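S.K.: Chain by chain, the residues run as shown.
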Amino acid sequence: MASLAERRVQEVEMVDEAEAPVNPQARPEELRILEALLFAATEPLDQSTLAKRMPDGVDVKAALEQLQADYACRGVNLVRVANKWTFRTAGDLSWLMTRETTETRRLSRAAIEVLAIIAYHQPVTRAEIEEIRGVVTSKGTLDVLLETGWIRPRGRRKTPGRPLTFGTTEGFLSQFNIEAIGDLPGLDELKGTGLLDSRLPTGFSVPSPSDDPTLREDEDPLDVGELELALAPAAEPETGEGGGES
Amino acid sequence: MASLAERRVQEVEMVDEAEAPVNPQARPEELRILEALLFAATEPLDQSTLAKRMPDGVDVKAALEQLQADYACRGVNLVRVANKWTFRTAGDLSWLMTRETTETRRLSRAAIEVLAIIAYHQPVTRAEIEEIRGVVTSKGTLDVLLETGWIRPRGRRKTPGRPLTFGTTEGFLSQFNIEAIGDLPGLDELKGTGLLDSRLPTGFSVPSPSDDPTLREDEDPLDVGELELALAPAAEPETGEGGGES
Amino acid sequence: MTAEILSFETGKPAEVADGELSLVVDVEGFEGPLDLLLALARQQKVDLAKISILALADQYLQFIEAARKIRLELAADYLVMAAWLAFLKSRLLLPEPPAAERPSAEEMATALANRLRRLEAIREAANRLMNRPQLLRDIFPRGNPEEIAEIRRPKFNATLFDLLTAYAVQRQQRVLRSVHLARRTVWSLAEARASLERLIGIAEEWSCLDEYLLNYVVEPSQKATVFASSFAAALELVREGEMELNQSEAFAPLYFRKRPAQAAGAANAPTAE
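Residue numbers (the numbering used here), protein chains in the order written: chain A, -1 to 244; chain B, -1 to 244; chain C, 363 to 635.
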């Protein structure tokens, strides 16, 4: 059966050789394959998905790094987001890229603050968010953020009232072009001040934000069906992982 | 009070500019712009559209040609379609852009019957199959069998009308887990397993099948080009001999 | 910047009637009392760690007092903070009571300064976050991703058993069909005669032909042909003098016996031939 596909490819190659003056072998095949796959994909691809399409014996990681270096100075860069690889237009060309069709989500100042607190303090409860901001968080603010798909309820804190804990999603990393949650801008400085510790005055242990879906010791899992209710939009990035690959 | 927020933003912007690690000036700006525009565009762009977004004084045509040359040996090529420019997967890598899914189909009873007769009585013509079965064989039944790759036309019988003779392929052997066609059970074995009635009249025989590709005395070879026509799938084992070893 | 003045009890944005909108203009842009404090602290233009909490408390209280004079509608949060700051101010101004169990006024002031620092830090982080190149705002994915074509490959299912069964069934269907037909139709005269000859060999006395035949015929479908052939054969045997037949009336059972060797012993017959 496979030979059918092979024959097709051979035909294509013959045509191309006749027409194109350039020898494709001038560039390592694994780089060409990676370029083609990553250019064509609609979603960022992880290394193992890429490896499946590569010839045997290729060091995919090394090839990806080589490709990233190749494109570093180009108008299109190879970036790593949430441990997946994708091509994106270079950040410094954003002035060029404004498209009237694109509607950028304008978040309220409150929503931006809450998002930042969730990103830097996750997992975090609504009460903890409010303690930092010194003001009650409106339901609407959280709803807007859940709708973006950038945050999700991840569990319940094992404290009286069992409040929801919130964290960020892969969509958040993708939106802000962050490779992993540890690469949040200014995180090291924040940790240095000790201000990330929710208890005052500053203590010794400075927690690091973590979007690791594994629940912490003081977190309970969400109840069955909870994700499907009002919080559904936030649950998408998780369930979407399987769907995206299919 | 708004000025407070503005001031903060300005400070942040300064920080971000200092962070940018790559020197974009390593590559001509017009090429970077073209790359980004063509990459992000939802449809092919023509030269004048591109020119509007470019800095003044840039020779867009020359830049496009330069970019085309840059990408000629890559996995993604800059191609011109209907006088518009777009990135496309390199032709020789188009096989990457397909995903094969298998769907399991059951063979019809008629198809299994025809296949069985071809297996035992090969090389056999359609008329001979019909004589044994006592019913006309539909074109569809043979087509399905050819699609399975388990049978192939192997020659033409040297009789009026020169009908095609059919035989089984290596795919047939592997599908039914038979080492050689001669291992198909004979008369006594079929009787022993109860598949054949033991009271069959004398003179009833089951042939000893042979799938030897060598044409028999009453067979002519297939005409040149016949393999590539409608019967292509069945022809695989012949043409595939070279490909299979590669 | 949208104002989000929140009611202390409900946590929902305070509803402000259109007519009163102008009254809240002065606090628009503040995200609660901490935000207001931070803005005031910023006006001191010093490091938040070195800020004078006392001076800050004074500024806040003056602001609240001014707001109350013009009957500005303030969320309860602001008033609670004002009360707390008034208390803190009095504690800071009075000499510290010895061996206090509760936190000292200095500790409370430091805690407030730290809260302000933390809020400011997270705001700066938020701004840096929002100023990152964002997807679909600053940076873009491939605008026209290429479709991954799906090739459906049929996989056919058939087992060797299917194959052999199909073959055996077809072959013997053709062969056995003709054999059956021959057996059913041809119960030849010769066959019938041979059977009757075997029968009369043991039938010294009158016997019912029908019963014999019924015993002999296994398949009901062959009944007619067996009767017909047997009757014809019987008549032939009678003509040859091998057997005798007897029937009392039409459609009555036929009786037969081997013809006695001592010529025609018709006297013993139940009825005449």
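Treat the hints as calculated values from the structure; they're not laboratory data.
Computed from a prediction, not measured in an experiment: that's the story for all the values here.
Even for Gly, the Cβ is constructed at its ideal location relative to N, Cα and C.
Errors might be hidden in some of the hints.
Unchecked claim - Facing chain A, from chain B, some residues (calculated, C-beta under 7 Å):
| hint | residue |
| --- | --- |
| 1 | 31 |
| 2 | 33 |
| 3 | 71 |
| 4 | 97 |
| 5 | 198 |
| 6 | 201 |
| 7 | 202 |
| 8 | 203 |
S.K.: Against each hint, give a clear statement of whether it holds in the structure.
M.R.: Right, here's what the structure says about each hint:
A distance limit of 7 Å between C-beta atoms decides the matter here; for residue 31 of chain B the minimum to chain A is near 6 Å, and the interface restraint holds. Hint status for residue 33 of chain B relative to chain A: holds, with the closest Cβ pair at about 3 Å, below 7 Å. Taken as an interface hint, residue 71 of chain B checks out: its beta carbon lies about 4 Å from the nearest beta carbon of chain A, inside 7 Å. The interface hint given for residue 97 of chain B is broken, as the beta carbon of that residue sits about 10 Å from the closest beta carbon of chain A, more than 7 Å.
Residue-level restraint check for residue 198 of chain B is violated (minimum Cβ-Cβ distance to chain A is 39 Å; threshold 7 Å). Because the smallest distance between the Cβ of residue 201 of chain B and any Cβ of chain A comes to about 42 Å, over 7 Å, the interface hint for this residue is violated. Hint on residue 202 of chain B is violated. Least Cβ distance to chain A is approximately 38 Å, over the 7 Å limit. Below 7 Å, beta-carbon pairs count as interface contacts, and residue 203 of chain B has none with chain A, the closest being about 35 Å; its hint is therefore violated.
Of the numbered hints stated above, those contradicted by the structure are hints 4, 5, 6, 7 and 8, listed in ascending order.
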